[in-house]
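*Asks:* The primary structure of each chain is shown beneath.
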Amino acid sequence: MGVGNTILSIQGLKVHFDTIDGTSRVLDDVELSVREAEVVGLVGETGCGKSVTAKTILGSLPMPPGKILEGKILFLKDNLLELSREERHQVMSRKMSYIPQDPMTSLNPVFTVGEQMGDMIRWQGRRRIGPLDFLRLRRRRDNSIAKAVELLDRVDIPASKEIIRRYPVELSGGMRQRVLIAMALIGYPSLLIADEPTTALDVTIQKGILELIEEKVKEEKLSVLYITHNLGVARRLCHRIYVMYAGTIAETAKTKDLLDNPRHPYTSNLISSIPKLTGDEFRGIDGRIPDYIDPPAGCRFHPRCPRVMEICKQERPELAKVGEDRLLACHLFSTGGGS
Amino acid sequence: MSLVTKRDVSKDLIQRLPATLELVVAAMAIAVLAGIPLGVLSALHKDRTIDQLSRIFAFAGVSLPRFWIGIMFQIAFAYSLGLLPITGRITGDPPAHITGLYLLDSLLTRDFPAFMDSFKHILLPSITLSLSPLAQITRLIRASMIEQLRKDYTVVSRIIGMPENLNIYKYMLKNAFTATLTVIGLLFGWMIGNAFVVEQVFSWPGMARYGVNSVLRNDFNAVVGVTLVIGVGYVLINFIVDLLYGYLDPRIRLKK
Amino acid sequence: MEKAFKRKQKGNLARAFYRFKKNPLSLIGLGIILMMASMAIFAPFIALYPEDAGGAVHFKKMFQPPSWKHPFGTDEVGRDAFSRVIFGSRISLMLGVVVLSVAVLIGVPLGLFAGYFGGKVETIIMRITDIFLAIPPLVLALAVTAVLERNLQNSMFAIAFTWWPWYARLVYGETLSKKEEDFVEVSESLGASRLYIIFREILPNMTSPLLVKITLDMGYAILVGAALGFLGLGAQPPTAEWGTLVSLGRIHLPKMWWLSTFSGLAIFITVLGFNLLGDGLRDFFDVEVE
Chain A
1 MGVGNTILSI QGLKVHFDTI DGTSRVLDDV ELSVREAEVV GLVGETGCGK SVTAKTILGS
61 LPMPPGKILE GKILFLKDNL LELSREERHQ VMSRKMSYIP QDPMTSLNPV FTVGEQMGDM
121 IRWQGRRRIG PLDFLRLRRR RDNSIAKAVE LLDRVDIPAS KEIIRRYPVE LSGGMRQRVL
181 IAMALIGYPS LLIADEPTTA LDVTIQKGIL ELIEEKVKEE KLSVLYITHN LGVARRLCHR
241 IYVMYAGTIA ETAKTKDLLD NPRHPYTSNL ISSIPKLTGD EFRGIDGRIP DYIDPPAGCR
301 FHPRCPRVME ICKQERPELA KVGEDRLLAC HLFSTGGGS
Chain B
1001 MSLVTKRDVS KDLIQRLPAT LELVVAAMAI AVLAGIPLGV LSALHKDRTI DQLSRIFAFA
1061 GVSLPRFWIG IMFQIAFAYS LGLLPITGRI TGDPPAHITG LYLLDSLLTR DFPAFMDSFK
1121 HILLPSITLS LSPLAQITRL IRASMIEQLR KDYTVVSRII GMPENLNIYK YMLKNAFTAT
1181 LTVIGLLFGW MIGNAFVVEQ VFSWPGMARY GVNSVLRNDF NAVVGVTLVI GVGYVLINFI
1241 VDLLYGYLDP RIRLKK
Chain C
2001 MEKAFKRKQK GNLARAFYRF KKNPLSLIGL GIILMMASMA IFAPFIALYP EDAGGAVHFK
2061 KMFQPPSWKH PFGTDEVGRD AFSRVIFGSR ISLMLGVVVL SVAVLIGVPL GLFAGYFGGK
2121 VETIIMRITD IFLAIPPLVL ALAVTAVLER NLQNSMFAIA FTWWPWYARL VYGETLSKKE
2181 EDFVEVSESL GASRLYIIFR EILPNMTSPL LVKITLDMGY AILVGAALGF LGLGAQPPTA
2241 EWGTLVSLGR IHLPKMWWLS TFSGLAIFIT VLGFNLLGDG LRDFFDVEVE
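Same order as they appear, the protein sequences are chains A, B and C.
Residue numbers for the first sequence, in our numbering: 1 to 339.
Residue numbers for the second sequence, in our numbering: 1001 to 1256.
Residue numbers for the third sequence, in our numbering: 2001 to 2290.
Worth double-checking, as some hints may not be accurate.
Said to hold, decoys possible - Stretch-level coverage of chain B by chain A, calculated; a stretch enters the list once three of its residues show a Cβ under 8 Å from a Cβ in chain A:
#	region
1	1137-1144
2	1173-1185
3	1241-1251
To be verified - Derived pair list, reagent style SDA-like, types lysine to any residue, alpha-carbon separation capped at 20 Å:
#	chain 1	residue 1	chain 2	residue 2
4	B	K1174	A	V169
5	B	K1120	B	L1044
6	B	K1170	A	I164
7	B	K1046	A	P295
8	A	K67	A	P295
9	C	K2255	B	A1078
10	A	K55	A	G125
11	B	K1046	C	F2284
12	B	K1170	A	V169
13	B	K1151	A	T105
14	A	K254	A	S272
15	B	K1151	A	Y167
16	C	K2255	B	D1152
17	B	K1151	A	P64
18	C	K2120	C	P2109
19	B	K1046	C	R2282
20	B	K1046	A	R154
21	B	K1170	A	W123
22	A	K55	B	I1075
23	B	K1170	A	G125
24	B	K1151	A	T112
25	A	K77	A	N5
26	C	K2255	B	I1075
27	B	K1151	A	M63
28	C	K2255	C	S2067
29	A	K95	B	V1155
30	C	K2255	B	V1155
31	C	K2255	B	Q1015
32	B	K1046	C	P2024
33	B	K1151	B	L1044
34	B	K1151	A	G59
35	A	K256	A	I271
36	C	K2255	C	V2102
37	A	K55	B	V1155
38	A	K95	A	Y167
39	B	K1170	A	T112
40	B	K1170	A	R122
Don't read these hints as lab results, they were simulated from the structure.
Yeah, the Cβ is synthetic: ideal placement off N, Cα and C, and Gly gets one too.
One chain only, chain A, in its complex shape (with noise of 0.2 Å):
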């Protein structure tokens, strides 16, 4: 798989948040690294952090609330939360790219397509633009809707002359999904963070997206952090996986090794609980996710872990290397070591 550089370095993130009932301790030493071209996965139930993992990386967590105790977040050479905002929104507008769930929301329902596109074309990157700029905003002698109709081609997207013209309102979910990610590869960034683009549109339509980001990651060498709770689509594009539980990385495979093998009872269970067409049982995860102002001692999966020993109540694992691109945070496996 693509041994490229690593775009991407997360280590020992730890963010809290505090709300009226106590602080709570969404993540918990996180661990994540995306390298060139490659499509790395972040799996996990709805309330494990991932949506907090992506916002804290893009850096749109409100930070009164929250708190970013420990931790770096490594992009191409800057540790993130280093930086001023400046310097960071210099490097992150242009180099890192998102792109959101629900498409029906994300755009602003008030301006046409082409409009959109063509101001962020013409002034992605910049904190304010000048009076004059806006005066420029009236002429629009540029090439920007020429750029955008080409990239809305580059997105697949038909008609593409007709669309600039478009108001969201008058594009379907699909439609609107392909011009969202038109207008994330403005400027060619270095890594994308999608946010479960495709939950929110019919399956048809997700295979179609899920295509799109396949080719752009092989024709651009794009990187994609692709966040999800559905396993399934992470199978289809995913080199990598991680596991996240809780706040916490349980566990990070090469895609075909962890679901082939999967060492974390979490991860098993993840696996199992995908409805089969085969007729067999359906066995979801007892238990619920855990408070996060108040988690449990030791392993935070500990109370629902089938396999659970006295240590696992007591003492945190730590994430350990046990393979090739895989690590695992687990008391079952650590002793014994890799195998």
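Position chains B and C against the provided structure of chain A, taking the given hints into account.
*Replies:* Below, chains B and C alone, put in the same frame as chain A:
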């Protein structure tokens, strides 16, 4: 048709309509031109000094009795400081009659002394009339902008790299403004109602004052006339507002 | 797991009170209203010269500026302005209460019926409401006072006449959204009488927006009442009504500035009180009202 002046009511009305129109339009202009920036600033600096001040101002604005604050203004600016005239629309000769709107006419005929004169005269009454709508517009824009800040599309744009001030002043504001538009229509109606009081205080020779005097003199025909004009005008304004709304918000236009 | 759940029930009520207390403005509003209310109730005891509220004349004491004996000065016939303002609170507050009561008593049931029964009832009621809503309130009130004799009662009637449609509309909207909810279906299937459903089930669920609106409207009704008084269409002299006082004082500007100033100030503070309280209630209930 008038019972008192024995003249045709419609003639009386037409003579006085421009005065009221000028007053209401001026007041609305002040309310909108001052209210929008104030609302935006309050939203962006939520809960900080500017916001607190504008909130206090907003409360005061809606609670002040127009006639009273008008009188207070007269006392402060006209009587004590002698800066502005007390009543009436113009002291010297009015400009040549094109539309009946003194400000406009004097500009069109380049009659600058008349312009300054009318301007000084209209200042206090229009500010008095504009206070409550200003407060309401500020509050509404503030609330709409705060809502916009939370919208998905705002957050997404920002993440992908939209410059912040473009995001605020073009994208969010347009959305916020459309919400305010319907209220502006209602405010016109409110203003027409309160013009009655303001015209009385400042002896503004407008239709509203005529209406009040007619009521006081039991001149029913005149009252009916005034009410009709106001009713029609109000309906017209709301109609225009609806059109504008459709123009600005494509969702209305395109959803069949 | 249960720990978390119990903690979340830290009491929604407690949290709401906490929010209300956090808002000093609404407490100020409440304070103002209480002060005005006691002023109105205990007027004869607070006013220095109670007889001046009516028609007493003391020509020797005409036009005295504010002093210790007469905190707000005296008017053109020597009456103590302070006492007159205090008694004026009675009229204005009473006006507010009466107008709102009438408006609510007419508007709320109409809105409920329109919303619940639908069909012809709905159309008729809402059409009438729409017509009223199309005309700005002050204008309508003016038009009504034009045809009636000019006194306090008629002005109250005129204002109430223009006010009820707003309540009908608010209640109508709320009813429409509530009537589809489960608890209504349950009652209907249990065979409860329709009146019962309307008044005992649907209505209690809209107390929050109603309460907020009523509070705010008290202020606005008083404002309109004072405006009518100012124009000479409400209470007639020698009754001491705030609006009338301002208008009477106006003739003697600028020398006798105290006559208009304090009565108008009273209006302002009272309306401000209602606005502050209403706004605080709105936050408290977390409700969106016009």
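*Asks:* Now, for every hint given, state plainly whether the structure supports it.
*Replies:* Hints and how they fare:
1. Judged by the Cβ-Cβ criterion of 8 Å, the region 1137-1144 of chain B is not covered by chain A as claimed, because only 0 of its residues qualify and three are needed.
2. Three residues within the 8 Å Cβ limit are the bar, and the region 1173-1185 of chain B against chain A gives 3, so the coverage statement holds.
3. A stretch counts as covered by a chain when three or more of its residues have a beta carbon under 8 Å from one of that chain; for the region 1241-1251 of chain B and chain A the count is 4, and the coverage holds.
4. About 16 Å separates the Cα atoms of K1174 of chain B and V169 of chain A, which keeps this hinted pair within 20 Å; it holds.
5. A hinted pair counts as satisfied when its Cα atoms are at most 20 Å apart, and K1120 of chain B with L1044 of chain B does not qualify at roughly 34 Å.
6. In summary, the hint linking K1170 of chain B to I164 of chain A is supported, as the alpha carbons are separated by about 19 Å, within the 20 Å threshold.
7. A hinted pair counts as satisfied when its Cα atoms are at most 20 Å apart, and K1046 of chain B with P295 of chain A does not qualify at roughly 34 Å.
8. Our distance criterion of 20 Å between C-alpha atoms is met by K67 of chain A and P295 of chain A, whose separation comes to about 18 Å.
9. Restraint check for K2255 of chain C and A1078 of chain B: satisfied, since their Cα atoms lie roughly 13 Å apart, inside the 20 Å limit.
10. A distance of roughly 18 Å separates the Cα atoms of K55 of chain A and G125 of chain A; the hinted pair therefore holds under the 20 Å criterion.
11. Between the alpha carbons of K1046 of chain B and F2284 of chain C the distance comes to roughly 19 Å, so the proposed pair stays at or under 20 Å and holds.
12. In summary, the hint linking K1170 of chain B to V169 of chain A is supported, as the alpha carbons are separated by about 19 Å, within the 20 Å threshold.
13. Distance restraint check for K1151 of chain B and T105 of chain A: the Cα-Cα separation of roughly 8 Å lies within the 20 Å cut-off, and the hinted pair is therefore satisfied.
14. For the suggested pair K254 of chain A and S272 of chain A, the alpha carbons sit about 18 Å apart, so the restraint of at most 20 Å is met.
15. Taking the CA atoms of K1151 of chain B and Y167 of chain A, the gap is about 17 Å. The hint holds against a cut of 20 Å.
16. Restraint check for K2255 of chain C and D1152 of chain B: not satisfied, since their Cα atoms lie roughly 60 Å apart, outside the 20 Å limit.
17. In summary, the hint linking K1151 of chain B to P64 of chain A is supported, as the alpha carbons are separated by about 19 Å, within the 20 Å threshold.
18. The hinted pair formed by K2120 of chain C and P2109 of chain C meets the criterion: a straight-line CA distance of about 16 Å does not exceed 20 Å.
19. Restraint check for K1046 of chain B and R2282 of chain C: the C-alpha separation of about 18 Å stays at or below 20 Å, so the hint holds.
20. For the given pair, K1046 of chain B sits about 41 Å from R154 of chain A by alpha-carbon distance, which is inconsistent with the 20 Å threshold.
21. A threshold of 20 Å between alpha carbons decides the hint, and for K1170 of chain B with W123 of chain A the separation of about 13 Å falls inside it, so the pair holds.
22. A C-alpha spacing of about 57 Å is found between K55 of chain A and I1075 of chain B, which places the hinted pair above 20 Å, so the restraint is violated.
23. For a cut-off of 20 Å, the pair hint linking K1170 of chain B to G125 of chain A stands: about 17 Å separates their Cα positions.
24. A C-alpha spacing of about 17 Å is found between K1151 of chain B and T112 of chain A, which places the hinted pair at or below 20 Å, so the restraint holds.
25. With a CA separation close to 11 Å, the supplied pair K77 of chain A and N5 of chain A stays within the 20 Å bound.
26. A threshold of 20 Å between alpha carbons decides the hint, and for K2255 of chain C with I1075 of chain B the separation of about 10 Å falls inside it, so the pair holds.
27. Distance hint between K1151 of chain B and M63 of chain A is fulfilled; the C-alpha atoms sit about 18 Å from each other, no more than 20 Å.
28. Distance restraint check for K2255 of chain C and S2067 of chain C: the Cα-Cα separation of roughly 16 Å lies within the 20 Å cut-off, and the hinted pair is therefore satisfied.
29. For the proposed pair K95 of chain A and V1155 of chain B, the alpha carbon gap of about 18 Å is at most 20 Å, so the pair holds.
30. Using a Cα cut-off of 20 Å, the hinted pair K2255 of chain C and V1155 of chain B is violated, with the two alpha carbons roughly 59 Å apart.
31. Straight-line distance between C-alpha atoms of K2255 of chain C and Q1015 of chain B comes to about 34 Å, which puts the hinted pair past the 20 Å bound.
32. A threshold of 20 Å between alpha carbons decides the hint, and for K1046 of chain B with P2024 of chain C the separation of about 17 Å falls inside it, so the pair holds.
33. For the hint linking K1151 of chain B to L1044 of chain B, the alpha-carbon distance of about 15 Å falls within 20 Å, and the restraint holds.
34. At roughly 17 Å between alpha-carbon atoms, K1151 of chain B and G59 of chain A fall within 20 Å of each other, so this suggested pair holds.
35. Taking the CA atoms of K256 of chain A and I271 of chain A, the gap is about 12 Å. The hint holds against a cut of 20 Å.
36. Under the criterion of a C-alpha separation no larger than 20 Å, the hint pairing K2255 of chain C with V2102 of chain C is inconsistent with the structure, at around 41 Å.
37. Between the alpha carbons of K55 of chain A and V1155 of chain B the distance comes to roughly 11 Å, so the proposed pair stays at or under 20 Å and holds.
38. At most 20 Å may separate the alpha-carbon atoms for a hinted pair to count; K95 of chain A and Y167 of chain A exceed this at roughly 27 Å.
39. Taking the CA atoms of K1170 of chain B and T112 of chain A, the gap is near 13 Å; set against the 20 Å cutoff, the hint holds.
40. At roughly 15 Å between alpha-carbon atoms, K1170 of chain B and R122 of chain A fall within 20 Å of each other, so this suggested pair holds.
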